[in-house]
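A.B. asks: Sequences are here, hints too, so could you generate the full structure?
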Amino acid sequence: MSNGGILKMNQTTTEIPLLDLRGTPCPINFVRTKLKLQQMSPGLLLEVWLDPGEPIEQVPDSLTIEGYHIKTIEDRQDFFSLKVYRL
7 MSNGGILKMN QTTTEIPLLD LRGTPCPINF VRTKLKLQQM SPGLLLEVWL DPGEPIEQVP
67 DSLTIEGYHI KTIEDRQDFF SLKVYRL
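So the number in this note's numbering is just where the residue sits in the sequence shown, counting from 1, plus 6.
Keep in mind that the hints were calculated from the coordinates and are not lab data. Backbone N, C-alpha and C fix where the C-beta goes; we use that ideal spot for every residue, glycine too. Hints should not be assumed to be uniformly reliable.
Below, computed lysine to aspartate or glutamate pairings styled on DMTMM-like, alpha-carbon distance capped at 25 Å [stated by the list, open to error]: (1) 77 to 21; (2) 89 to 63; (3) 89 to 57; (4) 40 to 60; (5) 40 to 84; (6) 77 to 53; (7) 42 to 26; (8) 77 to 67; (9) 40 to 63; (10) 77 to 60; (11) 42 to 57; (12) 40 to 53; (13) 42 to 72; (14) 77 to 57; (15) 42 to 84; (16) 42 to 80; (17) 77 to 26; (18) 40 to 72; (19) 40 to 26; (20) 40 to 57; (21) 89 to 72; (22) 42 to 53; (23) 42 to 67; (24) 89 to 67; (25) 40 to 67.
Between beta-carbon pairs, the in silico distance windows are [said to hold, decoys possible]: (26) 49 to 83: 27 to 33 Å; (27) 82 to 48: 23 to 29 Å; (28) 49 to 84: 18 to 24 Å; (29) 75 to 37: 14 to 20 Å; (30) 71 to 48: 30 to 36 Å; (31) 76 to 47: 29 to 35 Å.
C.D. replies: So this is what it looks like as structure tokens:
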């Protein structure tokens, strides 16, 4: 696999679960993201939508500290799309 084998063979980009946390304050958005990741199988990818400002500044750092791997952060103008692996 081109991504080092992290993405499971049975998960396609159309099957990536989405967690829309726009409007959710810190630290609730981090807690909900972490809970969702813990419910997923290792190696799967989760997409999280976060507001600009404190959420996009804090959540990726907190996830990294907890041992999760951030794949991408995309600026979607009104919000940010964060893709993170469940390891």
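A.B. asks: Taking the earlier hints as the rules, which of them does this structure contradict?
C.D. replies: 28, 30, 31
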